[in-house]
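Given the sequences, and given the hints that come with them, work out the whole structure.
Just so you know, the sequences run in chain order A and B.
Here the first sequence is numbered in this note's numbering, starting from 7 and rising by one per residue.
Here the second sequence is numbered in this note's numbering, starting from 538 and rising by one per residue.
All clues stand as given, with none of them false.
Derived pair list, reagent style BS3-like, types lysine-lysine, alpha-carbon separation capped at 25 Å: (1) B/K573 with A/K42; (2) A/K187 with B/K815; (3) B/K546 with B/K614; (4) A/K57 with B/K584; (5) A/K111 with A/K257; (6) B/K815 with B/K664; (7) A/K57 with A/K69; (8) A/K36 with B/K573; (9) B/K591 with B/K563; (10) A/K36 with B/K546; (11) B/K587 with A/K57; (12) B/K668 with B/K815; (13) A/K163 with A/K190; (14) B/K584 with B/K805; (15) A/K36 with B/K566; (16) A/K36 with B/K584; (17) A/K179 with B/K815; (18) B/K815 with A/K178; (19) A/K36 with A/K51; (20) B/K587 with A/K36.
Derived CB-CB ranges, DEER-like: (21) A/A279 with B/E630: 40 to 48 Å; (22) A/N177 with B/K587: 25 to 33 Å; (23) B/G778 with A/A279: 26 to 34 Å; (24) B/T737 with A/S161: 42 to 50 Å; (25) B/D747 with A/E266: 29 to 37 Å.
If you want the footprint, here are the derived chain B segments under chain A, 3+ residues with CB under 8 Å: (26) 640-650; (27) 792-806.
Derived from the structure by calculation, the hints contain no laboratory data.
Just so you know, these numbers come straight off a predicted model, no measurement behind them.
Every residue gets a Cβ at the ideal spot worked out from N, C-alpha and C, and that includes glycine.
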Amino acid sequence: SSFSSIDEEFYEELEETLIVSDLGVDTTLKIIENLKEKVKENKVKDPQDVKQLLMEEIKNLLKIEETEYAFENKKSVILVIGVNGVGKTTTIGKLAHQFKQDKKKVILAAADTFRAAAIDQLIEWANRANVEIIAQQANSDPGAVVYDAVAAAKSRKADILICDTAGRLHNKKNLMEELRKINKIIEREYGEVHKETLLVLDSTTGQNALQQAKQFKEIANITGIVLTKLDGTAKGGIAIAIQSELQVPVKYIGVGEGVEDLQKFDAESFVEALFAKEDEEAESL
Amino acid sequence: MAFESLSDKLQNIFSGLKKKGKLSEKDVKTALREVKLALLEADVNFKVVKTFIKNVQERATGHEVLESLTPGQQVIKIVNEELVKLMGDSNNELTYNKEGITVVMMVGLQGAGKTTTSAKISGLIKKKGKKPLLVACDIYRPAAIKQLQIVGEQIDVPVFTMGDNHKPVNIAKAGLEYATKNGNDVVIIDTAGRLHIDETMMDELVEIKDSLNPQETLLVVDAMTGQDAVTVAETFNNQIGVDGVILTKLDGDTRGGAAISVRFVTDKPIKFVGMGEKLTDLEPFHPDRMASRILGM
Ligand SMILES: Nc1nc2c(ncn2[C@@H]2O[C@H](COP(=O)(O)OP(=O)(O)OP(=O)(O)O)[C@@H](O)[C@H]2O)c(=O)[nH]1
Ligand SMILES: Nc1nc2c(ncn2[C@@H]2O[C@H](COP(=O)(O)OP(=O)(O)OP(=O)(O)O)[C@@H](O)[C@H]2O)c(=O)[nH]1
Ligand SMILES: [K+]
Ligand SMILES: [Mg+2]
Ligand SMILES: [Mg+2]
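Right, here's the structure in full:
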């Protein structure tokens, strides 16, 4: 931006950028405090360099190792969880498509037996991705669906089993207990394969996402986050707060409603996008 | 909650300050910084918070606070009152056409809760002795039509569909015709979720709106929305024109600051709040409760 010196106003503008990207007050203040120390330590004088330093810090925080995707090439079961309407079912459709492209045998489990037409929705995605699906009647026991699906995955020698689950708010005790049950069934019946638990977060979500991640983490061993709807104007900065507090990495991002609209998370471009608007504004001045 | 409540924090600040004797404007400013942070933590938009605090500042530096025995409580009271004022009246009912069929159109981002809320609202309308009809205009999302049919059946309200091979505007028009023939007096149009920056999809809504002239165009907003709520609400309001807002998923533990942001940029009433997945989980909006919730009290 247009700053020529590193003063309070300059830091305030950086703070604003982070806050409006949904990092939250705590994480923002923590990051800026750190930054100020680094600036002192390294005797940085140019505002542009400070901004660069900040971006590097966030990139480092979010950086994800290639080994985090190792499960894609193992025998795995993926459990997809999250609150209502964030994009779980759609993400499963996209994942199934990608794995199928990679010549893997994929089975989907329609364990959202609760929401109206959730099963039909997943069946449609299974058709699009051209993969198999295990489903029962609406309102049947989701645990039973998962049990069946694991049996099918074993007998048909599937590479990857992906389980859809009903959207549930993290503060609903009985629904979280249901999830614990599903988890147990997978561990008991399919303990021999890699277990990946993906928490899906809508990038338009504010500070509540941190609460979501915390509560879901108590029930399930979350191994990664899928940040959806990044094709909108929200920046998804809450993922930074979650990474910094809970150390759960973002693994995939959703960038649309199509079958191809899923990407592996790239810290570099994510952080560039956080600061992009500011530059646009500056340019337009 | 893990951290101190706003009220505790303010109490602490002021009890420290009071030992110095009389409070100054600067002291109040320090307190308002805590209020500002609390609002940001509650997801009220940054710019909205700035404007709001500026407005509150004037009242909070008056005698009622500076000379009060409980300045912390006074500041909270003022902030609370101003928030309630900002959020407008409670009990903003749906309005109906005096003559002919009333059209209600649901719009919003993907996954906000439009389809569920369409069914909830039709249930409410039915209770008033009216004969609602749900119209399935989401031709994009897999099984969206089926979803509306199922929730329609659950609440015993008929659903008009033409499959997914017709333009939404034509489905909407045909739905209205069907309602005329079948004696339905309210038509609720469920539309596909869309991004506010998707021009083609936004034009689709404009087209429906122009041909059906809805009495109520309702923007459905997820209560968990963060800073982006202002951009979304502003764009929908500017491009489509919104008559009211419905805040969904308030049964979670979100503070729901998006309510303020949306209200601030659209100046349109929040008519209902969604309190669960059940089709009866729809309640009138109460500004005072919302203000307390946002402040974490
Ligand atoms: N623009 C955009 N829309 C998305 C994305 N991912 C999902 N959606 C849309 O978001 C809406 C909700 O997606 P679902 O996959 O049904 O979400 P869910 O989490 O399974 O929802 P529930 O099962 O009801 O809890 C749908 O309209 C999707 O098309 C994305 O990355 N970008
Ligand atoms: N807990 C809770 N869940 C809700 C509420 N309203 C809707 N939902 C859930 O949110 C999810 C999305 O709701 P939908 O009605 O499908 O949302 P939509 O806006 O029609 O979604 P698209 O058509 O994909 O854009 C579903 O799982 C609903 O059950 C609410 O008030 N509370
Ligand atoms: K974005
Ligand atoms: Mg789903
Ligand atoms: Mg819908």
